[in-house]
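Protein chains in written order, with my numbering: chain P, 319 to 430; chain Z, 46 to 155.
Mixed in with the good hints, there may be bad ones.
Anything over 10 Å on all C-beta distances counts as not near chain P; from chain Z, calculated [said to hold, decoys possible]: (1) 57; (2) 95; (3) 97; (4) 99; (5) 106; (6) 109; (7) 112; (8) 115; (9) 116; (10) 122; (11) 137; (12) 147; (13) 154.
Simulated restraints, written as ranges between beta carbons of each label pair [unchecked claim]: (14) P:340 to Z:154: 36 to 44 Å; (15) P:393 to Z:104: 19 to 27 Å; (16) P:330 to Z:104: 36 to 44 Å; (17) P:397 to Z:62: 42 to 50 Å; (18) Z:100 to P:385: 21 to 29 Å.
Just so you know, the hints here were simulated from the structure itself, not pulled from any lab data. All C-beta atoms, glycine included, are put in the ideal place defined by N, C-alpha and C.
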Amino acid sequence: NAGVTQTPKFQVLKTGQSMTLQCAQDMNHEYMSWYRQDPGMGLRLIHYSVGAGITDQGEVPNGYNVSRSTTEDFPLRLLSAAPSQTSVYFCASSYGTHQPQHFGDGTRLSIL
Amino acid sequence: GQQVMQIPQYQHVQEGEDFTTYCNSSTTLSNIQWYKQRPGGHPVFLIQLVKSGEVKKQKRLTFQFGEAKKNSSLHITATQTTDVGTYFCAENTNAGKSTFGDGTTLTVKP
Numbered sequence: 319n320a321g322v323t324q325t326p327k328f329q330v331l332k333t334g335q336s337m338t339l340q341c342a343q344d345m346n347h348e349y350m351s352w353y354r355q356d357p358g359m360g361l362r363l364i365h366y367s368v369g370a371g372i373t374d375q376g377e378v379p380n381g382y383n384v385s386r387s388t389t390e391d392f393p394l395r396l397l398s399a400a401p402s403q404t405s406v407y408f409c410a411s412s413y414g415t416h417q418p419q420h421f422g423d424g425t426r427l428s429i430l
Numbered sequence: 046g047q048q049v050m051q052i053p054q055y056q057h058v059q060e061g062e063d064f065t066t067y068c069n070s071s072t073t074l075s076n077i078q079w080y081k082q083r084p085g086g087h088p089v090f091l092i093q094l095v096k097s098g099e100v101k102k103q104k105r106l107t108f109q110f111g112e113a114k115k116n117s118s119l120h121i122t123a124t125q126t127t128d129v130g131t132y133f134c135a136e137n138t139n140a141g142k143s144t145f146g147d148g149t150t151l152t153v154k155p
């Protein structure tokens with residue numbers, strides 16, 4: 319099993335550009351989440367989903383959109399990139415509530 | 046919203062010394078999960094505690110959940126260079142939402 323796969327691994331954007339970070343899992347997990355991690359800080363929840371068709375906001379949702387049309391995929395869209403969104407983005411999935419989260423390798427995003 | 050505070054932010058130890066990181070909340074936690082992130086890597090799940098006063102061990106690692114379920118600790122006995130990384134605690138709620146502490150970064154001097 320591949321687990322949680324994130325693409326791309328690295329990306330550089332210009333301010334105002336839009337892009338989609340991809341996340342896919344092959345473990346048939348219902349729950350998926352997006353986090354951002356800034357240097358020296360913990361993981362802050364952006365958006366999460368408890369199943370296909372269901373999404374909700376986390377702690378820092380502004381500037382990001384998500385959708386969950388299938389169990390496997392949970393893409394994160396940056397609508398108009400800003401330098402403050404420079405960060406490492408992690409996608410995670412879990413079987414259900416109170417279950418271990420499995421993280422992808424992350425996408426390192428720089429916005430100039 | 047729910048906040049999980051973690052201390053210390055950094056800890057530097059000599060190889061062989063013990064290490065402890067603490068996780069505190071002002072409200073009762075439904076559970077506590079611990080993760081380890083190696084430099085340049087992604088968080089990896091270590092363990093979950095659910096019951097009041099629970100203690101679990103993994104080789105040199107001991108995890109505790111407070112009696113009031115408002116705090117938790119991770120203790121490493123006789124650190125090794127392979128223990129280097131950042132240790133995070135997190136609460137995973139019934140709604141599927143997780144709140145992470147800011148982590149404790151451990152460096153080990155050989």
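Against the structure, the hints come out as follows:
no., hint, verdict
1, 57, "15 Å, holds"
2, 95, "7 Å, violated"
3, 97, "15 Å, holds"
4, 99, "13 Å, holds"
5, 106, "16 Å, holds"
6, 109, "18 Å, holds"
7, 112, "20 Å, holds"
8, 115, "18 Å, holds"
9, 116, "17 Å, holds"
10, 122, "24 Å, holds"
11, 137, "6 Å, violated"
12, 147, "4 Å, violated"
13, 154, "20 Å, holds"
14, P:340 to Z:154: 36 to 44 Å, "40 Å, holds"
15, P:393 to Z:104: 19 to 27 Å, "39 Å, violated"
16, P:330 to Z:104: 36 to 44 Å, "41 Å, holds"
17, P:397 to Z:62: 42 to 50 Å, "48 Å, holds"
18, Z:100 to P:385: 21 to 29 Å, "42 Å, violated"
Of the numbered hints given earlier, the model fails hints 2, 11, 12, 15, 18; all others are met.
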